[in-house]
Each structure stands twice: as structure tokens, then as C-alpha cells.
Amino acid sequence: MKENPYQPYVATIEDTWYETVGDRAVKTFKVTLDDPEARKNWSHRPGQCAMVGRLGIGESMFCISCSPTEGDFLRFSVMRAGKNTQGLHEQEVGDKITVRGPYGNSFPLEDWKGKHILTIGGGIGQAPLRPIVEYVKANLDQYAGLTMIYGARTSGDLCFRNEFEEMMKRDDISCHLTIDIEEEGWPYKVGFVPSVLMEVNPSPENTIAITCGPPIMIRFVLENLKKLNFADEQIYTTLENRMKCGFGKCGRCNAGNLYVCKDGPVFSYSTLKNVPEAFA
Amino acid sequence: MDNMKLAKEKVGDFLAKLGKERFRVPQETGGSSRFAPLNGESSVDFTLSNTTVPLKSLFYPQTETLYRYEVGETAMKAPGEADEMIIMGVRPCDAKALTIVDRLFSWDPKDPYYLGRREKATIIGLACQEPRVNCFCTSLGGGPASTEGLDILMTDLGESFLFQPLTEKGEKICQEAGDVLVKSEDSDVQAAEKVHKDAASKIVRKIDSEGIPEKLPQLWDSQIWKKTSEPCLGCGACTFLCPTCHCFDIQDEIEGLEGRRYRVWDSCMFKEYTLHTSGHNPRPTRRERTRNRINHKYSYFVDKFGVIACVGCGRCINLCPVNVDILNILSQVKEAL
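Protein chains in written order, with the working numbering: chain A, 1 to 280; chain B, 1 to 337.
Hints are supplied without guarantee of correctness; some may be wrong.
Stated by the list, open to error - Mimicking DSS-like on lysine-lysine, the simulated pairs with C-alpha atoms at most 30 Å apart in a straight line are:
| no. | chain 1 | residue 1 | chain 2 | residue 2 |
| --- | --- | --- | --- | --- |
| 1 | B | Lys197 | B | Lys10 |
| 2 | A | Lys262 | B | Lys77 |
| 3 | B | Lys206 | B | Lys226 |
| 4 | A | Lys96 | A | Lys262 |
| 5 | B | Lys215 | A | Lys226 |
| 6 | B | Lys197 | B | Lys172 |
| 7 | B | Lys17 | B | Lys5 |
| 8 | A | Lys137 | A | Lys226 |
| 9 | A | Lys40 | B | Lys110 |
| 10 | B | Lys215 | A | Lys273 |
| 11 | A | Lys113 | A | Lys30 |
| 12 | B | Lys77 | A | Lys40 |
| 13 | A | Lys273 | B | Lys226 |
| 14 | B | Lys271 | A | Lys83 |
| 15 | B | Lys5 | B | Lys20 |
| 16 | B | Lys215 | A | Lys262 |
| 17 | B | Lys304 | A | Lys273 |
| 18 | B | Lys120 | B | Lys110 |
| 19 | B | Lys10 | B | Lys183 |
| 20 | A | Lys27 | B | Lys271 |
In case anyone wonders, no lab produced these hints; they're calculated from the structure.
Turn these sequences into a full structure, and let the hints steer you where they fit.
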């Protein structure tokens with residue numbers, strides 16, 4: 001991190017594409033830091049976030065949606081929702097953005113070695129789960145297995161669809177895609193993510209479940225994981241709150257006594273169940 | 001170093017000797033007061049009560065440029081180093097508040113803007129003689145002559161000020177002042193002690209904070225929050241003018257071909273403070289926002305930094321347009337615990 005933590009790095013967009021279209025389109029950016037020294041010193045872990053923005057418009061916090069195992073670049077998947085994200089969506093290959101970070105804690109993937117990893121994502125909530133998937137995929141021999149459940153409202157709202165379809169072809173990974181409402185020609189599951197979770201019926205034995213998605217989905221996923229006999233310590237999620245600094249100064253991202261930017265964004269359910277504001 | 005004394009008629013000499021441009025002193029303009037440069041004046045109004053705008057504004061200005069850039073360019077230029085400051089006439093509660101905010105801004109990663117100014121500042125406190133009606137510093141480990149955060153404590157002895165240097169920075173100032181200061185007598189120190197004691201006895205409002213930090217979050221669903229936030233207008237005065245409140249927003253601004261990214265005081269009492277881009281707001285009403293303000297000061301900050309983020313200066317009570325009273329809230333909390 002820089003000596004002046006407020007001052008970002010300049011990064012160039014190497015590649016960009018739309019994951020979804022529409023009012024709340026999701027666009028993915030693959031970027032590299034311009035300064036070779038910064039690029040060398042940058043290291044992030046799955047689950048960490050970064051402030052991404054444009055000079056003159058502003059900056060917002062996004063999860064880094066790639067794993068360091070993928071290479072010397074950063075990826076952000078940005079839903080168009082406000083001023084900054086609109087500004088980012090206008091950027092194309094070769095354009096400059098600002099990046100500072102990485103911020104926050106990360107998924108304890110080292111501690112999870114030897115365990116089965118289950119990710120349960122909804123909509124843009126798959127973005128913070130993607131680095132886990134990529135990391136475990138790259139080190140699959142060190143984990144007991146990888147199961148993914150991912151859903152969105154419609155097939156057009158699914159992010160990373162090509163990557164999922166590639167993974168579905170593999171027999172060493174278990175992958176379940178679902179959409180909320182039936183569509184003509186849709187070859188995979190239909191139903192809400194929490195219901196598909198029950199259908200997949202994963203064993204809690206030696207398994208870690210990580211979920212991220214809309215609050216309502218998380219609520220029912222948590223309920224269902226409890227029904228499936230997952231212990232609180234086996235369940236993880238990542239929180240998001242409005243942030244400005246990213247490193248514990250600006251005040252606003254707290255959930256109870258926890259700063260999402262510094263104490264999180266990754267929390268186990270055994271911690272969060274005691275934090276009154278965690279799911280507010 | 002020995003205690004020293006500054007005769008009141010020599011205040012001008014003291015300022016001149018040390019260099020007027022270095023001083024920041026309490027000044028009143030347009031009905032409110034704050035610390036500001038001397039502006040060529042050769043005296044200081046030490047009769048002003050605690051400033052409306054707390055001392056924090058010198059270290060953490062309301063609006064502050066983080067860096068500048070030219071539109072279309074990517075080079076960013078941060079402002080230069082902070083000026084050296086001698087701040088004179090600081091009330092002990094405001095100095096203690098700085099030591100609280102220090103903990104946050106020194107938390108990894110350190111805040112170079114705030115800490116740069118802190119390093120270069122010497123703080124000369126002035127013991128309070130006439131505490132205000134809503135002062136409750138003595139309930140929070142402070143007092144009218146508390147020395148926490150001060151480099152020198154000054155006490156008004158009528159014809160002169162007793163100077164009690166407390167740190168190396170304070171001693172340096174006394175040395176620089178040379179013969180403008182004279183050595184004090186034992187009787188001066190005794191007189192000052194009496195001033196301090198008399199002032200402390202004038203503080204009437206109190207809160208026993210015992211047990212609050214640990215148990216406050218248990219009152220999450222209590223009626224207290226609805227009841228005490230009902231009159232709140234959400235103006236944010238209680239937080240802007242709180243010496244320990246430190247929350248800020250970061251924004252970009254372009255003027256002509258020049259742009260800057262700056263930070264600006266923000267308040268947890270505003271709806272936008274926590275509003276997500278999606279429209280979701282984890283603290284949608286003043287009930288949740290009031291609950292967060294009190295919990296942050298009296299519980300969360302204690303968890304993180306080991307100290308209550310309140311010094312009992314009374315500003316949030318004095319300046320609230322609808323008489324929301326933190327001591328009233330805290331006494332309801334105490335009852336409910």
C-alpha cells in the first residue's frame with residue numbers, strides 16, 4: 001500500500017466486456033497497474049476489495065473479482081447503479097482508471113485446505129465468490145472438492161456464464177446454475193438459490209459454505225444451511241456497506257462494532273450472528 | 001523544567017517573541033468562535049469560553065484537498081507539508097479529544113494529513129474557570145485542568161498566567177520565550193490548584209459511564225432509540241461540532257481544467273451517510289442513526305481503541321436546535337441496563 005493511503009494507483013484497462021445488459025448491466029474490467037514497481041508490490045487475497053474510480057468523478061469500493069492465481073492483473077465486475085459506476089461503464093480498453101487497495105481481510109483459504117468448498121451465489125454476489133472458485137480450481141489437489149451453486153433472476157442476469165459452462169464440462173467440479181423463472185431453451189435448473197441448495201443437498205461433513213448475494217437470498221440460504229446441519233463456523237459470507245476511505249477512518253461502513261473495511265469484508269456466521277446490524 | 005509565569009501585559013511580547021505567524025488562537029466572528037491565525041493582532045481574548053468549532057478543525061479541516069490533478073491527466077499532486085503551529089488557549093477537553101482522535105488516525109494505515117499537522121503543533125491549554133452549564137468532562141476522566149494532550153497548561157491567576165510545561169515541546173516553547181516568562185513561586189502553583197478545584201466544583205452535570213461500553217449494544221431494540229431520536233431534525237450539528245467525531249466523505253470536484261479529490265466532514269446523522277447505491281439503507285431512520293451515534297461513541301470506539309469517544313464538552317447539548325441531550329440519553333441507558 002502507498003505511503004499516502006488516499007492516493008491511488010493509475011491503472012489501464014486491458015480488456016472489458018459486459019456480463020449482463022440492461023439498466024443494471026454488469027461490466028467486467030481487466031486492468032493492470034501502470035507503475036511496474038506497484039505491479040510488483042501489489043498482492044491481494046481472495047475476498048479483498050479495492051477502491052476503483054476515475055479522477056473527476058469519484059471512487060467506489062468493489063471486490064477484486066479475480067484470484068492472484070490467474071495472473072498479474074486485477075478484475076472488477078461493476079454493476080451500473082450510480083454516478084461512479086456509470087463513469088466506469090463508459091471506459092473502454094486503453095482508458096485509465098484509479099485503483100487503491102487492497103483492503104480488508106480475506107477468505108481463509110489456507111486454513112480450508114483439505115476441505116470441500118461450497119459456494120452459493122446470487123446475481124452480482126458471485127463476484128466476490130469468483131476468486132475463491134478460481135483459487136480452489138488452481139489448487140484443486142489440495143482441497144477435498146469444489147461445489148458451486150449460482151443463480152440469477154433470468155439467464156440474462158447471470159455473470160460469468162461462459163466460465164460456469166466450461167466448469168460444468170469437468171467431472172472434478174460440481175456446478176449448478178439456476179434461474180428464478182423458467183425460460184425457453186434454458187438447459188439448467190429453475191428455482192431460487194436456497195431451494196436449489198436443498199435439492200443439491202450438500203453434506204456438511206468437512207465442508208465450508210460461502211454465500212454472497214441479495215440480503216433476502218442470504219437469509220434463506222443461511223436458514224437452509226442450518227437445516228442441512230452446517231455449523232455456524234462452517235458458514236462464511238462477505239458484507240458490503242457504503243465506504244469512502246477503505247481503511248477505517250471515514251466511519252460509515254461499520255456493522256455494530258465491526259468495520260467492514262478492516263475487520264471484514266469476510267466474516268464467519270459465528271461472528272455475524274452476534275452483530276445486530278450485520279444483516280440490516 | 002520549572003513552572004513559569006506570563007504577566008498578562010506581556011502576552012503581546014510572548015506572541016512577538018515566538019513569531020505571531022505561528023499562533024492559532026480562539027477568535028469570535030459572526031456569533032461563533034473557532035481557532036484561527038492571529039491576523040496581526042497582538043493580544044488574545046482568553047475570556048472566550050470553549051470555541052463553537054472544536055480544535056479538531058485545525059488538524060482535520062472541514063474541507064481538505066487530498067490531491068489535485070489536471071482534467072484528462074493522471075498525475076496527482078498532494079498538498080505540501082503542514083505549517084508549524086502554536087495553539088494557545090485550548091480548553092483541556094478539546095486537547096483530550098485530540099488524543100482520542102489520534103488513536104483512529106494512527107491506526108494502520110496512518111493518516112498522513114492529520115498526523116503531519118499533529119507532529120508540528122504545540123498545544124498550550126488554558127484551564128477552565130467558568131465551566132458551562134452542560135459541561136461534564138469530570139465524568140469522563142477529564143477536568144477543567146486536565147493535562148491530557150497538552151504541552152503546556154496555563155492557569156489564569158488574575159494578573160498573570162501560570163505556565164506549567166508538560167512535554168518537551170512545551171519546554172521548548174518556554175525556553176524560546178526567554179525572559180518574557182518568569183519563574184513562578186510555590187504560592188502561584190497553590191493559587192492555580194485552588195482555581196482548578198473551584199472550577200471542578202462548578203461542574204454540575206454528571207454521568208456514571210460504568211458498564212455502558214460493555215452493555216450498550218444489548219439495548220439494541222430498546223424504546224430508548226425511538227423516543228430520544230423523535231425530536232431530532234438530522235441537522236448533524238452534534239457530530240460536526242463534536243471534538244471527537246471524525247467521519248468524512250470523499251468527493252471529486254472540477255473547476256475549469258483543474259480537479260481535486262477532497263475530504264469533507266460527514267455525519268452519521270445524515271441518511272446519505274450509509275445509503276447504498278442500490279437504494280438500500282442499513283440505517284434508514286433517525287432511530288438507527290441515533291443508536292449508532294451513541295453506540296459508536298460509548299461502545300464501539302471503546303472496543304477498538306480502549307476509550308470512550310466523548311470528553312463531556314457539552315457542545316452537542318448546547319448546539320442542538322431541539323435540545324437532544326446526550327446525558328439524558330445516557331441516563332435512560334443507565335436505567336435500562
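Quick rundown of the hints versus the structure:
1. B:Lys197 with B:Lys10: Holds. Lys197 of chain B to Lys10 of chain B sits at ~26 Å (cutoff 30 Å).
2. A:Lys262 with B:Lys77: Holds. Lys262 of chain A to Lys77 of chain B sits at ~27 Å (cutoff 30 Å).
3. B:Lys206 with B:Lys226: Holds, at about 23 Å.
4. A:Lys96 with A:Lys262: holds (27 Å)
5. B:Lys215 with A:Lys226: holds (29 Å)
6. B:Lys197 with B:Lys172: Between Lys197 of chain B and Lys172 of chain B the Cα gap is close to 28 Å, so the pair holds against 30 Å.
7. B:Lys17 with B:Lys5: Since the Cα atoms of Lys17 of chain B and Lys5 of chain B sit roughly 15 Å apart, the hinted pair holds (cutoff 30 Å).
8. A:Lys137 with A:Lys226: OK: Lys137 of chain A and Lys226 of chain A at ~26 Å, within 30 Å.
9. A:Lys40 with B:Lys110: It holds: about 23 Å lies between the C-alpha atoms, which stays within 30 Å.
10. B:Lys215 with A:Lys273: holds (17 Å)
11. A:Lys113 with A:Lys30: The hint holds at about 28 Å.
12. B:Lys77 with A:Lys40: With a Cα-Cα distance of about 23 Å, the restraint between Lys77 of chain B and Lys40 of chain A holds, given a limit of 30 Å.
13. A:Lys273 with B:Lys226: holds (24 Å)
14. B:Lys271 with A:Lys83: holds (18 Å)
15. B:Lys5 with B:Lys20: This hinted pair holds, its Cα atoms lying about 19 Å apart.
16. B:Lys215 with A:Lys262: holds (24 Å)
17. B:Lys304 with A:Lys273: It holds: about 19 Å lies between the C-alpha atoms, which stays within 30 Å.
18. B:Lys120 with B:Lys110: holds (16 Å)
19. B:Lys10 with B:Lys183: With a Cα-Cα distance of about 14 Å, the restraint between Lys10 of chain B and Lys183 of chain B holds, given a limit of 30 Å.
20. A:Lys27 with B:Lys271: Distance ~29 Å between Lys27 of chain A and Lys271 of chain B Cα, so the pair holds.
Consistency note: the structure conflicts with none of the earlier hints.
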